[in-house]
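All chains, please: the whole structure from these sequences, using the hints.
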Amino acid sequence: MGFEDWAAEPLNWVFLAVALATTISGLRVVTSPNVVHAALFLVAALAGTAAIFLLLAAEFLAWVLVLVYIGAVIVLFLFGIMITRAPTGRDEAEVDHQRRLPAVLVSAALFALLSWGLLSQWGDTTLDRVTAGTPTSVLAEGLLGRFVFPFEVVGFVLLAALVGGITIARRDLSPAEEKERESR
Amino acid sequence: MILNQFLILAALLFCMGVYGLLVRRNAVMVLLSVELMLAAVNINLVALEAFWQTAEALGQILAVFIITIAAAEVGIGLAIILLIFRNRRSANVDELNLMRW
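If you read the protein sequences in the order shown, they are chains V and L.
In terms of this note's numbering, the numbers along the first sequence are unbroken and rise by one, the last being 251.
In terms of this note's numbering, the numbers along the second sequence are unbroken and rise by one, the last being 145.
Since the hints were derived computationally from the structure, they do not count as laboratory data.
Note that the coordinates shown come from a computational prediction; the quantities given were computed from them, not determined experimentally.
Cβ coordinates follow ideal geometry from the N, Cα and C atoms, glycine included.
Mixed in with the good hints, there may be bad ones.
[What the hints assert, rightly or not] If you only want the chain L side, here are some residues facing chain V, beta carbon under 8 Å, derived:
1) C59
2) I111
3) L140
[As the list claims (entries may be wrong)] Calculated Cβ distances over 10 Å to all of chain L for the following chain V residues:
4) A228
5) A243
6) K246
7) E247
8) R248
9) S250
Here's what the structure looks like:
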């Protein structure tokens, strides 16, 4: 498929715009010197991911991503950033290591390797069977039918992780405070 | 649309996550980079599901599981970072050398 054919399809231009926005915000997530800005750029990157899901006819998953990530996980991240911002003027120029070149080399080499593998495996295989969306009932039947056991296990893991998170993060009372509370 | 445009976008996002993982000092920022990598994995799964069109939408079901596990990971990861910060007054990964041999 030549570039003309590719460019003749309007969805590809939508993809290009979304991919550009996602890439730029993803780049800002890992390079922004301001930690709060990095978290907010992650919102933009995840919104771009949700838009990609919509292009791939995965509507349910797109809205799950918006609800779970943009709605809940980012709030948790902002909370964590606000709590762990050191009070004693640890300035924002220090959020990165000084030696960035090895990291750039590693990720560039990884990207070259991955795209070489992908291009040689898939070439320009078209994705022309994406038509209507995936019915949510298909996902529901999968999750509550064949995959009901993993589904329950993952729910239990989530519960255990959140209970564990509360247990880890809560401050234990000192013995003196505990005695005081009991005498009250 | 061709399949590779989605897969290469996912590879790009994954490699940016790897860069952030290596270069960030603040542990919360490291977790943010991990989220970027997980989003890349989800794009891969959904794109390949759109290619193969399995009857049970297996790729999307796997992506649901990954999103759930990622939420659990963020919750417990931030709790651990909070505890470390409270004890060491720092959340920078290169200053946490207590268990280094």
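*Please verify that hint: L:L140, Cβ, nearest Cβ of chain V, below 8 Å or not.*
violated, 12 Å
*Mind verifying the non-interface call on V:S250? Its CB should be farther than 10 Å from each CB in chain L.*
holds, 27 Å
_Status of the stated non-contact between V:R248 and chain L (beta carbon gap over 10 Å)_ = At about 20 Å from chain L, V:R248 clears the 10 Å cut-off, so the statement holds.
*Can the hint on L:I111 be confirmed by a CB-to-CB distance to chain V that is less than 8 Å?*
For L:I111, the interface hint holds, since the closest Cβ of chain V sits about 6 Å away, which is under 8 Å.
*Could you let me know if the closest chain L CB is still more than 10 Å away from the CB of V:E247?*
The claim stands: V:E247 keeps its Cβ more than 10 Å from every Cβ of chain L (closest is about 21 Å).
*Verify that the Cβ of V:A243 lies farther than 10 Å from every Cβ atom of chain L, and report whether the claim holds or is violated.*
holds, 19 Å
*Minimum Cβ separation between V:K246 and chain L greater than 10 Å?*
The claim holds: V:K246 sits with its nearest Cβ about 22 Å from chain L, beyond 10 Å.
*Mind verifying the non-interface call on V:A228? Its CB should be farther than 10 Å from each CB in chain L.*
V:A228 is in fact no farther than 10 Å from some Cβ atom of chain L, at 4 Å.
*asked:* The hint names L:C59 as touching chain V; please verify it with the least Cβ-Cβ distance against 8 Å.
replied: holds, 4 Å
Consistency with the previously given hints fails for numbers 3, 4, ordered from lowest to highest.
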